[in-house]
Amino acid sequence: MEIDRRKFFKSVGGATAVALMTSEQKADALEHFMEDELEKYALEQARQAGQYPTVAELAEQDEDLARGNRRGAGRLFVRGPNGQLRPLQPMPEKPTLIDFFKYRFGFASTHCLQSASRALKTGMDEKVILACLLHDVILEVVTPDHGWWGAQLIEPYVPEETTFAIRYHSTLRFFPDSDYGYEYPEGYLRTFGEDYVPEPYLQRTAEKVRNHKFYEHSRLVTVNDLYAFDRSKTVSIEPFIDIVGRHFKQPKEGLGWDDSPSSHMWRTLINPDRRL
Amino acid sequence: MRHDTARSRLQDVAMFVLVGMLLVTPTNAQDGAVTHEGLEVSISHLERGVITPLGDCPTGENIVRGVIAPGTNDTEFVIVHLDFKVLSDFEPINWPRPFIHDVNGRVYRTAQTFGDMDREPEHSCNFSFRVPVGMAVKEMLIDEDVALDLTAHDR
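The listed protein sequences derive, respectively, from chains A and B.
With the numbering used here applied, the first sequence has no gaps in its numbers, which climb one by one up to 276 at the end.
With the numbering used here applied, the second sequence has no gaps in its numbers, which climb one by one up to 155 at the end.
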């Protein structure tokens, strides 16, 4: 396999970072880089050939007990493409939502900011924009059923439309809706299998949500979600500070320390290394 | 006799004009650019398929694609490819999402949107719409009231 030196150096933080590594660390980083590249290559080959795994094949992969982690682990708890955990800075004593964007939301931050930016640009309701801004931040903690987890995280602080939108967006992503131009993502054929059929609980939930007065709020999160994977775009939190100020009830004690029903989840974000 | 000859000539001319029209129609369709808000917009071509790129316009590095779920065969994507030329009087505005009408007047929508349209002086992109298989499409509307004829491209 040919190694793209520039790409490898970039993946580990540049030539200076490589110079500071021990030989063992370099070997580890290179191994992880090559694994990552091989996986991307295989996926691209499969994509070009229109080949996707089946549900059974994916389930077989999950039986590999030598894996570093299970698939549902949040981004804070798994190694990145450089083979290392993301370094974390200490949080302020009374952290605000914006502080979590600065110090804890990594991938989720970029993705959610892109999504919210798109909602803002297309003139959507501020409660929808806020939902887009927060819809995937829970992926830093946990990924399965993340709509429900994500809604719990923010429920004490936001309007009910925003909570609803976040709770059900992950379900609605499995169901195309041509009235809004929402299509089934090709990536799901790879992630869930080409023969995947949403489980009965998702079917039931989708049916319930379709008939709800806040359906559009949740659907619009999926409409913006689908398109928010453009790595060439970087978006600042600045355009959303006023919307956050208007719709997010920031506790004076700081998130995590206000004894709300989801304070423990914010504390987990603050200190993901806490033993128990 | 002279009458028959005249009729024959008339038929020849009519045939010539008809053939000429048929030959010219695709060119007209490709030249059917509209100018709107300082942008020249024309349809490059139209295609149909079950998998489609879903990037916004102009196209960035978005690699997300949409699919018609395997096992379903009642719908397909109509993918409209557009060419844009930025003119000197262009001023950035937020256009709403485009949509299309089929020949029966039904509306089909997309989640794709227009972005920074002056990022490059000339660029191309596409918008996708899920329609019933084989449904003939009539026109694409951009910014609500600017219609681009799709019929000549939908063969």
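Hints were generated in silico from the structure; no laboratory data involved.
Warning: the hint list may mix true and false statements.
As the list claims (entries may be wrong) - Quick list of the computed label-pair ranges, beta carbon to beta carbon:
1) B/Val107 x A/Arg5: 47 to 55 Å
2) A/Asp125 x B/Pro58: 20 to 28 Å
3) A/Leu276 x B/His123: 50 to 58 Å
4) A/Lys213 x B/Gly32: 20 to 28 Å
Stated by the list, open to error - In silico contact screen, one side only, chain B against chain A (beta carbon under 10 Å); selected entries:
5) Ser44
6) His45
7) Val146
Said to hold, decoys possible - With a cut-off of at most 30 Å between alpha-carbon atoms, the simulated DSS-like pairs for lysine-lysine come out as follows:
8) A/Lys102 x A/Lys249
9) A/Lys208 x A/Lys252
10) B/Lys138 x A/Lys252
11) A/Lys94 x A/Lys252
12) B/Lys138 x A/Lys94
13) A/Lys121 x A/Lys249
Since the structure is predicted, the reported quantities are computational estimates derived from the model, not experimental observations.
C-beta atoms are modelled at their ideal positions from N, C-alpha and C, and glycine is treated no differently.
Status of each hint after checking the structure:
B/Val107 and A/Arg5 have their C-beta atoms about 52 Å apart, which keeps the hinted 47 to 55 Å range intact. In this structure the hint that A/Asp125 and B/Pro58 lie 20 to 28 Å apart at CB holds, the actual value being about 26 Å. For the hinted restraint 50 to 58 Å between A/Leu276 and B/His123, the CB-CB distance of approximately 55 Å keeps it satisfied. With their beta carbons about 43 Å apart, A/Lys213 and B/Gly32 fall outside the hinted range of 20 to 28 Å.
Proximity of B/Ser44 to chain A is violated relative to the hint, the smallest CB-CB distance being about 21 Å (cut-off 10 Å). Hint on B/His45 is violated. Least Cβ distance to chain A is approximately 21 Å, over the 10 Å limit. Interface hint status for B/Val146: violated, as the beta-carbon distance to the closest one in chain A is roughly 18 Å, over 10 Å. For the hint linking A/Lys102 to A/Lys249, the alpha-carbon distance of about 18 Å falls within 30 Å, and the restraint holds.
A distance of roughly 36 Å separates the Cα atoms of A/Lys208 and A/Lys252; the hinted pair therefore is violated under the 30 Å criterion. With a CA separation close to 57 Å, the supplied pair B/Lys138 and A/Lys252 exceeds the 30 Å bound. Only pairs whose Cα atoms come within 30 Å are accepted, and A/Lys94 paired with A/Lys252 is accepted, the gap being roughly 8 Å. Taken as a hint, the B/Lys138 and A/Lys94 pair is broken in the structure, with Cα atoms around 58 Å apart against an allowance of 30 Å.
For the proposed pair A/Lys121 and A/Lys249, the alpha carbon gap of about 24 Å is at most 30 Å, so the pair holds.
Taken one by one, the earlier hints fail for this structure at numbers 4, 5, 6, 7, 9, 10, 12, listed in ascending order.
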